[in-house]
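I would like the entire structure built from these sequences, with the hints used as guidance.
In order, the protein sequence lines correspond to chains U and X. If you count the first sequence from 1, position 151 lands on 151 in the working numbering, and the numbers rise without skipping. If you count the second sequence from 1, position 49 lands on 49 in the working numbering, and the numbers rise without skipping.
For the record, the hints were derived by calculation from the structure and aren't laboratory data. It is possible that some hints are incorrect.
[Stated by the list, open to error] Listed next, with one range per pair, are the computed distances between beta-carbon atoms:
1. G118/X to V286/U: 31 to 41 Å
2. S316/X to W112/U: 53 to 63 Å
3. G118/X to E293/U: 16 to 26 Å
4. G118/X to I27/U: 56 to 66 Å
5. A17/X to W112/U: 32 to 42 Å
6. L109/U to Q147/X: 31 to 41 Å
7. W112/U to A325/X: 49 to 59 Å
8. R113/U to E73/X: 32 to 42 Å
9. S316/X to L18/U: 55 to 65 Å
10. Q225/X to W112/U: 29 to 39 Å
11. A195/U to S231/X: 27 to 37 Å
12. F125/U to Q225/X: 50 to 60 Å
Keep in mind it's a predicted model, so treat the numbers as computed, not measured. The C-beta atom is built at its ideal place from N, Cα and C for all residues, glycine as well.
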Amino acid sequence: MSAGVVGRGRRTAVIGLLAPVTVLLGIFFLIPLGIMLVYSFLEPGLYGGVVWSFFPWNYGRVIGWPIGGGEEFDPIYLTIFWRSLKLALSTVVVSLVICYPVAFWIARLKGWRKNAVLFAATLPFFSNVLVLIYAWLLILRPTGFVNTLLVAAGLIDQPLNLIFSEFSVLVGLVFFLVPFMLLPIYANVERLDWALVQASADLGATPIQTFRRVILPLTLPGIVGGSIIVFIPALGNFVVAQLLGGAKVQMVGNLIEQQFLKARNWPFGATLAMLMMVVVLALVLVYVTRTAERNDAAKAVG
Amino acid sequence: MTTEEVAADQGLVRVEAAVKRFRTPEGGWVTPLDRVSLSIRDNEFLTLLGPSGCGKTTLLKAIAGFEDLDDGEIYLDGQPLSGTPAYRRPFNTVFQSYALFPHLTVGDNVGYGLDVAGVAREERDSRVGEALRLVSLEGLDRRMPRQLSGGQQQRVALARALVNRPRVLLLDEPLSALDRKLRQAMQIELKSLQHTVGITFLFVTHDQEEALTMSDRIAVMDQGQFLQIGSPAEIYDAPTNRFVASFIGSSTVLTGSYRGGRVRTAGGLDIAVGTRAFPEGEAVDVVVRPEHLAIAAVAGRPTLPVTLDNVVFVGSDLHLHGRLADGTAISALHRHARGEGELTPGTTLQLSYDPAALHVMKGSKP
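The structure is reproduced here in structure tokens:
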């Protein structure tokens with residue numbers, strides 16, 4: 001009986017604590033999202049603005065269905081979606097490959113060195129994104145640092161065409177988002193109990209077996225968390241593609257930005273934003289459930 | 001000693017002049033292993049006993065393969081082990097923190113060593129079941145470690161190590177996290193388990209009671225060296241130096257010089273001792289344990305005057321704490337009986353003792 005009383009008190013406390021954030025999210029997230037959803041089904045006005053009539057054809061322009069209302073399907077949008085996905089996934093993979101070993105290295109540092117490296121890893125947060133990305137333009141351009149160095153070393157005759165390519169956009173995205181991957185993985189690796197690694201070796205597991213059976217499953221939450229919070233901004237990013245991709249490498253973010261700010265076609269911009277959100281939600285959902293399943297399977301197999 | 005001579009030795013595992021040094025953050029050196037040698041016999045329960053920081057855990061880790069020696073060698077069946085990584089050594093460890101894999105069930109924790117060794121499913125399952133039965137945890141194999149009590153986790157750690165049938169089971173203070181009652185129960189269980197499985201146990205502890213209860217032999221360590229290696233009774237009754245005498249059990253060590261069956265202490269006491277094995281004038285230490293002193297006067301026995309400081313009642317016994325004429329603290333044990341008179345602090349008692357019971361050893365530098 002007393003347990004029930006405690007339980008009820010605790011439930012009230014939980015509701016009370018969750019209320020502010022729920023209201024905040026409701027006002028500043030759900031309402032704008034609702035507006036975008038409604039807008040994506042409206043007809044664009046001739047000189048910007050919207051005409052209040054049901055107009056599902058915006059979606060047809062991107063995915064080929066439904067077609068009508070004078071809008072036509074253009075495969076260019078799917079191409080841009082596909083490229084954005086590829087770039088975002090590559091960003092996740094590259095930052096993961098960089099951050100995973102680095103996280104272990106940092107976790108094993110002692111005293112002030114650890115804090116210094118962690119501080120250095122968060123340094124990009126202190127400076128303007130535009131400046132950081134622009135710096136890469138200077139580094140990668142034909143007369144920039146990398147090409148000058150390679151030519152001087154005699155490794156190449158002609159400067160490589162490094163900027164305004166998918167490569168340069170990937171470099172920019174990784175550079176911009178790497179801290180978001182590092183911190184969750186580091187937090188996880190830091191908590192990893194090294195006695196477990198020792199126990200695994202003690203029980204006869206080779207270093208590779210220890211990694212697969214102990215280290216990887218125990219740091220998986222950090223990997224999943226880091227991947228998600230890198231993937232989402234990478235997919236929606238438009239600043240990096242704008243500066244380092246030029247006119248050639250456009251991402252969905254650029255498309256959406258153009259529709260809202262240049263073409264002044266809010267309904268079509270909203271449509272693209274909605275489609276991107278669907279893609280993100282679907283992929284994240286699949287990813288999370290799959291890793292959870294694999295973790296369960298690993299548990300079952302041992 | 002050459003390799004052949006080592007192989008000829010009876011030891012299953014032999015530690016030969018092992019040295020390990022660490023640099024302290026202040027720039028100095030600590031030497032947890034200072035040329036220690038030890039022979040571990042087949043099927044014995046050997047305990048490394050010493051205060052924290054004495055080097056016992058370092059030695060255990062060196063045998064397990066987690067620490068490289070700076071000098072010396074460890075042999076298994078006469079074969080040197082340096083260069084063999086931990087995962088290729090036929091030893092298993094029960095860790096102080098248990099180090100159970102939190103993402104695996106109890107059954108998978110116990111089966112871990114068999115799984116990485118590629119043991120076939122059927123044999124693996126039957127051996128896991130057998131190991132869990134051995135530690136009385138049958139039926140819990142689907143639980144996660146966090147759902148178990150401390151004592152149960154301890155048993156899982158034990159089963160996980162034993163299931164691999166190691167040549168030596170290394171136990172790194174495995175009972176220190178348990179409460180007193182459970183610890184005492186586990187001490188007895190561990191000892192009988194060792195008999196059942198017939199595996200050599202190397203047990204590390206700082207708890208002398210634990211060591212005395214379980215061991216076939218005890219190796220007392222301090223400051224990176226062995227002070228005495230022997231059976232519990234040898235170590236308790238005949239310590240070879242002051243450190244062992246005061247670390248194992250409670251005792252008062254009186255320093256003095258030997259003269260004709262008596263020891264005259266620095267504080268002016270004159271104590272009769274049973275031994276005649278020392279030359280006249282030799283500097284000696286006399287070990288007086290609480291159970292050597294009795295309140296009741298016994299005809300023909302010498303006495304020591306002790307001024308009582310306090311009396312502690314612990315049920316079956318009274319612990320009398322007091323001091324000798326020269327101010328040295330000393331304790332006596334008195335079997336409590338109903339209706340006996342009060343012992344008041346401040347009074348001076350004449351406590352009788354049997355000279356033959358007192359242990360006399362060669363004097364160590366104070």
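Evaluation of the provided hints:
1. A beta carbon spacing of about 33 Å between G118/X and V286/U agrees with the range 31 to 41 Å that was offered as a hint.
2. Look at S316/X against W112/U: about 56 Å separates their beta carbons, and that is inside 53 to 63 Å.
3. At roughly 25 Å, the beta carbons of G118/X and E293/U sit within the given window of 16 to 26 Å.
4. Evaluation of the 56 to 66 Å hint for G118/X and I27/U yields a pass: the beta carbon distance comes to about 59 Å.
5. Checked against the hint of 32 to 42 Å, the C-beta distance between A17/X and W112/U comes to roughly 38 Å, which is consistent with it.
6. For the pair L109/U and Q147/X, the supplied restraint of 31 to 41 Å holds, since their beta-carbon distance comes to about 35 Å.
7. The given range of 49 to 59 Å is respected by W112/U and A325/X, whose C-beta atoms sit roughly 57 Å from each other.
8. The given range of 32 to 42 Å is respected by R113/U and E73/X, whose C-beta atoms sit roughly 35 Å from each other.
9. Against the hinted window of 55 to 65 Å, the Cβ-Cβ separation of S316/X and L18/U comes to about 58 Å, which satisfies the hint.
10. Between Q225/X and W112/U the Cβ separation comes to about 36 Å, which falls inside the hinted range of 29 to 39 Å.
11. With their beta carbons about 33 Å apart, A195/U and S231/X fall inside the hinted range of 27 to 37 Å.
12. Take F125/U and Q225/X: their Cβ atoms lie about 54 Å apart, and the range 50 to 60 Å holds.
Violated hints are absent here; each numbered hint is respected by the structure.
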